[in-house]
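Trainee: Listed here are the chains, written in short residue letters.
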Amino acid sequence: MTVGEFAKQNPLNVLCMPEAEREITGCYIGDLLSWVMGNAREGDAWVTIMSNTNIVAVATLTNVSCIILAENVTLDEQALNTAKENGVNVLSSNLSAFNIALLLKDTVV
Amino acid sequence: MSELLNFHFVVDGTNFTAAGNASGQLKKNLRQLNLAPETIRRASIAMYEGEINMVIHAGGGEADVNITEKEIEIILTDNGPGISDISKAMQEGYSTAPENIRSLGFGAGMGLPNMKRYSDQMTIESELGKGTKITMKINI
Ligand SMILES: Nc1ncnc2c1ncn2[C@@H]1O[C@H](COP(=O)(O)OP(=O)(O)OP(=O)(O)O)[C@@H](O)[C@H]1O
Ligand SMILES: [Mg+2]
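Line by line, the protein sequences are chains R and U.
Using my numbering, you'd call the opening residue of the first sequence number 142 and step up by one each time.
Using my numbering, you'd call the opening residue of the second sequence number 33 and step up by one each time.
Calculated from the structure, these hints are not laboratory results.
Check each hint, because a few of them may be wrong.
As the list claims (entries may be wrong) - Selected chain R positions facing chain U (Cβ under 8 angstroms, derived; list incomplete): (1) Glu183; (2) Thr194; (3) Asn195.
Please read all numbers here as calculations on a predicted model, not as lab measurements.
C-beta atoms are modelled at their ideal positions from N, C-alpha and C, and glycine is treated no differently.
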């Protein structure tokens with residue numbers, strides 16, 4: 142399923158979606174950036190509560206399909222602009238990482 | 033062997049939000065060379081970890097990237113405090129990152145292990161009070 146379809150079918154806010162056609166092929170949950178860089182796979186939806194510009198850089202380098210911010214976490218304007226410029230999709234939700242993973246469960250298997 | 037391309041980056045040690053500029057630029061440059069996506073991914077993540085380390089632990093530094101038909105060579109040089117025990121620093125989970133840096137998501141102690149894992153060859157030269165030089169090679 143693409144990021145665009147996933148966002149439409151689920152209770153998620155779209156903070157920016159410059160590449161709605163990206164395919165979600167897995168899920169990775171984590172907040173420690175080096176841990177994410179060592180283990181997230183290309184195409185994963187990355188669920189995190191970490192919120193600063195560096196997550197945009199990490200998403201770009203790991204080539205995840207989107208960032209999903211859990212538990213009402215937001216991203217500031219400047220970081221969102223960087224995300225747009227670099228083709229990084231950012232969604233957010235009031236759900237916990239666990240419940241977001243449950244939404245992804247049927248999408249990625 | 034002849035070098036096809038060289039890039040030089042200055043990594044600003046005072047600007048935390050700009051950290052990642054060099055690796056982002058490297059990724060774009062490697063894409064233009066049409067290298068395999070996995071090679072680009074490994075090189076740019078290794079570069080980012082090194083770049084962030086220079087910002088957090090060494091007050092900035094410089095990066096040189098030399099690309100030949102065979103490999104991508106990344107040389108990171110800083111004039112920071114140096115690493116007293118390299119084998120300890122290489123251990124997964126070892127970190128001296130301060131609390132304010134940890135709150136940004138760094139300090140897992142996984143950066144150097146990631147750099148080693150994503151490169152085909154890595155050497156660290158470091159002298160206390162003088163600085164650190166890390167050389168990584170990634171086969172193409
Ligand atoms: N360029 C450097 N100059 C001085 N010390 C360094 C340098 N790079 C790494 N170190 C030391 O090695 C330790 C381990 O580095 P490593 O990148 O593995 O972890 P980290 O930077 O602390 O956390 P993480 O990379 O997971 O965010 C650092 O905490 C620091 O003490
Ligand atoms: Mg590090």
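Trainee: If a hint holds in the structure, say so; if it does not, say that too.
Mentor: So, going through the hints one by one against the coordinates:
1. Glu183: Since chain U brings a Cβ to about 7 angstroms from R:Glu183, closer than 8 angstroms, the hint holds.
2. Thr194: Status holds, d = 5 angstroms.
3. Asn195: This interface hint holds because 6 angstroms falls under the 8 angstroms limit.
Violated hints are absent here; each numbered hint is respected by the structure.
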